[in-house]
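Number of protein chains: 2
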Amino acid sequence: MKVYLNKDEMPTHYYNIVADMLNKPLPPLHPQTKQPVGPQDLAPLFPMELIKQEVSRDPYIEIPEPVREAYAIYRPSPLVRAERLEKALGTSAKIFYKYEGGSPSGSHKTNTAIAQAYYNKQEGVKKIVTETGAGQWGTALSFACAQFGLECEVFMVRGSYDQKPYRKSIMETFGARVHPSPSNLTQTGIAKLSQDPDSLGSLGIAISEAVEVAAQDEKTHYALGSVLNHVLLHQTVIGLEAQKQFEKINSYPDVVIAPLGGGSNFAGIAFPFVGEMLRGGRKIRAIAVEPASCPKLTRGVFGYDFGDSAGFTPLLPMYSLGHDFMPPGLHAGGLRYHGASALCSQLLKDELIEAVALQQLECFRAGLLFAKTEGILPAPEANHAIAQVIREAKAADEAGEQRTILFNLCGHGHFDLSAYDDFIQGKLQDHQLDEEQLKLSAAGVLTEL
Amino acid sequence: MKVYLNKDEMPTHYYNIVADMLNKPLPPLHPQTKQPVGPQDLAPLFPMELIKQEVSRDPYIEIPEPVREAYAIYRPSPLVRAERLEKALGTSAKIFYKYEGGSPSGSHKTNTAIAQAYYNKQEGVKKIVTETGAGQWGTALSFACAQFGLECEVFMVRGSYDQKPYRKSIMETFGARVHPSPSNLTQTGIAKLSQDPDSLGSLGIAISEAVEVAAQDEKTHYALGSVLNHVLLHQTVIGLEAQKQFEKINSYPDVVIAPLGGGSNFAGIAFPFVGEMLRGGRKIRAIAVEPASCPKLTRGVFGYDFGDSAGFTPLLPMYSLGHDFMPPGLHAGGLRYHGASALCSQLLKDELIEAVALQQLECFRAGLLFAKTEGILPAPEANHAIAQVIREAKAADEAGEQRTILFNLCGHGHFDLSAYDDFIQGKLQDHQLDEEQLKLSAAGVLTEL
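First to last, the protein sequences are chains G and E. Each residue of the first sequence is one higher than the last, beginning at 1 in our numbering. Each residue of the second sequence is one higher than the last, beginning at 1 in our numbering.
Chain G extracted, bound-state conformation (with noise of 0.2 Å):
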């Protein structure tokens, strides 16, 4: 069973959840200065209509018609009962997902980017700079900005540069300029590459290498594809549907699941049911899966860190693993981020949203039953959450409790075939992380708030 809505039947606004949490997120910290950040601070890499909606507290924020025409291209996504899926675990379980990997950049990333996209060219900017490591994002960006007649240029880690040519080859489709990062074109790349010329690069220095360039030039600003408000509050659309398509099928989920990276794609289908449920509400679980290779949100500490390795960014107030934390070689690259969005955070020390890790190998197994059984290739990334939606219709069925779940398959996995390839033959592992080197890491976090 799909659920389709009509373009009419679109979310005109975000929601915004700050305006319902009782506990609101702590502000960002000045790197040197240690004082809360203003919007002069950001005002050269962000147009001021996101710095704005970073820190606002209205419930709903209109949503420009122009990007609700460009979101028309893809959106609504289908809201869609994974009936086979169900019948192949014999659960009697309801599971459904919202699929945002029929998007441009076939993740649910273009929702951000064609917002960003345009509050920038409203400004007068003329050029977006960005990094990307598996390239979703990169993507998105291009796609978008080749929607407002805008400049994209992206700072891609060079070992994804080197793996994925054609996750380059599609944003340069999109008309973007795509660099192997570190990059001979900035003083960061040209560091990096001195001490190191053979460098594959980290996200860390592609952000540097970004925000360097965006700095040098009036016109040229920077964008990022999770972790911030305005992020976070951009992908609510995603939810916002999924509201009103149950509402067309007179049901409600009693779980909410999506995968944790940088915390975008879990709070786009989240935050509106968690935000239902802060209102007084139907209440509902909302699970939020992180690998356990990386797990922030399980094991990490609650506190003060830099947003990228190189500690350029402001501090955020966030769940982290310690910003110079390398997890080990994960093919779900999109949750490889060290820490997890201030919203979120802030939602889990709450206890108003739960957090679980899972190995990667019960991942792929998911991934493929779900592959065989919904026809569609999902993303590593999703993988994870379909892993928990496994696990809680089995544990739904043994309570002997009916429940509806509800996740985000946040994107398809066609760039992500040599993962699967390396599952099928044997060649992946899990991971047991070493506590005393957790700890280690985690001592960057500022942990006195």
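Simulated from the structure, these hints should not be mistaken for laboratory data. Where hints are given, some of them may not hold.
Chain copies aren't distinguished; within one or between two, either way the pair holds.
[Unchecked claim] List time: in silico DSS-like cross-link candidates among lysine-lysine, alpha-carbon distance up to 25 Å:
1) K34 with K439
2) K7 with K244
3) K248 with K7
4) K2 with K248
5) K349 with K283
6) K372 with K394
7) K219 with K372
8) K121 with K7
9) K121 with K87
10) K126 with K372
11) K121 with K372
12) K2 with K244
The structure displayed is predicted, hence computed values, not measured ones.
For chain G, the structure is supplied; the task is to place chain E on it using the hints.
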């Protein structure tokens, strides 16, 4: 604008255009006796239900319930108005497309794969063997076999096997066994490898290997992804859905366009509209688009030719370039076949459909424009349709007419990014075929009908 259908609006019957053709297609001939082949000749390879469909003259053939259930995984497919493409072209034409890339294989091939797997399962078959070139058909059949608990074995042209490892991976993800062809598993393969151990293979060799394996075991059958009447029949769900969708918006196409490789893509979207016209209903123009480097419809001869390059299959009545025609390197692998299905060929001969051959650079330019405006990266095959759509829209504007154009966006290009990469880097070129070589190659076609 997207027009959806509910599951209960899905077609319940396939449409068989043979019923409405004044000149019925000529029968296939036995390769040795040159007499029409009978059901007994085909029974070792195909289930009887498919053989019946191959010769049926009934206008409508019921789609079995389990096939419709499997279709519901990804069907009905949306009918989309390409408003942003229209705007970019500045045309007053209305451009619509059916998007078949949302299927589990990423192309329309799944429509016949599911039906073929079902009928084989019904007759007690345990395994289906097939060949695949670019990989779309092998992917579709792998998925379909997984739905009905059949084994699937795929002989993949070694050139593609080596160049497109992800296509192999996705077939394995759906549970298929994939061999590079030529292999050492068949007499055909062993003979080829003894001649040339480094052979890159061909579709002809891969077909021979698959047929050889299928013929050895009663419980093993063979399946083909295009050309045959029953394959075209199954694809008519595309056009039948489109008719219902146009009815919903009180519209109807003036022109229907699709790429033509073997013919099932084109037939799928066009035959229901052509049939309507044959029965005295609304007139449309149906245009098959082929690559200029494999121009069987526009430069081939009409006669009897083998379906494979080795000459093992029955002789089929078709427009052909000769069964040993070797097209120059072309990234639209699905359009490299030397002949066109008997049904499409007869309709073209009777001037009920049109054909046009386009060069690949124009097609890639059209595909890039489509990706940037509509957010879907098309398969290179689909780019041929898009390029022709753009020509039609411009022609309509020049003629001062407002035309409604429908085309089949038969698949996404997520596994074809090396082709886009080559195009963006200026490595692709157009091809001019030599008239003498075409004549030489076409000499293999038996034209005395």
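Hint-by-hint comparison with the structure:
In this assembly of identical chains, K34 and K439 lie within 25 Å of each other by CA distance solely inside one copy; the values are 23 Å within and 80 Å between copies. Both within a single protomer and between protomers do K7 and K244 lie at most 25 Å apart by alpha-carbon distance, with minima of 12 Å and 19 Å respectively. Within a single copy, K248 and K7 get their C-alpha atoms as close as 15 Å, and across copies as close as 15 Å, so both meet the 25 Å cut-off. In this assembly of identical chains, the alpha carbons of K2 and K248 lie at most 25 Å apart whether taken from the same copy (11 Å) or from different copies (19 Å).
When the C-alpha separation of K349 and K283 is checked against a cutoff of 25 Å, the pair qualifies only within one copy, where the shortest distance is 18 Å, while the shortest distance between copies is 66 Å. Within a single copy, K372 and K394 get their C-alpha atoms as close as 19 Å, which meets the 25 Å cut-off; across copies the closest is 43 Å, which misses it. In this assembly of identical chains, K219 and K372 lie within 25 Å of each other by CA distance solely across copies; the values are 23 Å between and 48 Å within a copy. For the identical chains of this complex, K121 and K7 are intra-copy neighbours only, at 24 Å inside a copy versus 41 Å across copies, given an alpha-carbon limit of 25 Å.
In the homo-oligomer, the alpha carbons of K121 and K87 lie at most 25 Å apart only across protomers (19 Å), although the nearest pairing inside one protomer, at 48 Å, exceeds that limit. In this assembly of identical chains, K126 and K372 lie within 25 Å of each other by CA distance solely across copies; the values are 18 Å between and 44 Å within a copy. Taking CA atoms no more than 25 Å apart as the test, K121 paired with K372 passes between copies only; the shortest distance there is 17 Å, against 42 Å inside one copy. For a Cα distance limit of 25 Å, the shortest separation of K2 from K244 qualifies both inside one copy, at 13 Å, and across copies, at 18 Å.
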